[in-house]
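Student: Sequence:
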Amino acid sequence: MDGFLTFLVIVAVFAAILGGMAWIAARARRRGIGDSITGPWDEIWHPTAHQAHIEIREQEERATPRPSPDDK
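Following full-length UniProt numbering, the numbering of the sequence shown begins with 1 at its first residue and continues without gaps.
Honestly, the hints are just simulated from the structure, not real lab data. There are no misleading hints in this set.
Here are the computed distance ranges between Cβ atoms for each label pair:
no.	residue 1	residue 2	range
1	I24	A63	28 to 38 Å
2	R57	R27	13 to 23 Å
3	I54	A26	14 to 24 Å
4	P69	I17	50 to 60 Å
5	M21	R57	19 to 29 Å
6	G39	G19	14 to 24 Å
7	Q59	V13	40 to 50 Å
8	I44	V13	21 to 31 Å
9	D2	G39	40 to 50 Å
10	M21	D70	49 to 59 Å
11	I17	D71	55 to 65 Å
12	R29	P65	24 to 34 Å
The C-beta atom is built at its ideal place from N, Cα and C for all residues, glycine as well.
Make a model of the complete structure from these sequences and hints.
Tutor: Take a look at the structure:
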């Protein structure tokens with residue numbers, strides 16, 4: 001019985017850690033700071049999502065050309 005109880009405690013702690021990490025990741029993505037936190041995870045387990053994040057970041061960084069004062 002002690003072995004089973006120990007196993008249950010280990011599984012519960014592991015589930016709590018994974019649940020906490022998922023909650024932190026979801027919160028960070030909503031706030032827009034998710035790239036720095038979940039970037040390595042996406043790069044390892046979901047490379048296409050990581051590549052999409054890089055493309056989105058590059059598009060956001062590009063400045064739109066502003067018209068010159070001489071243009072009418």
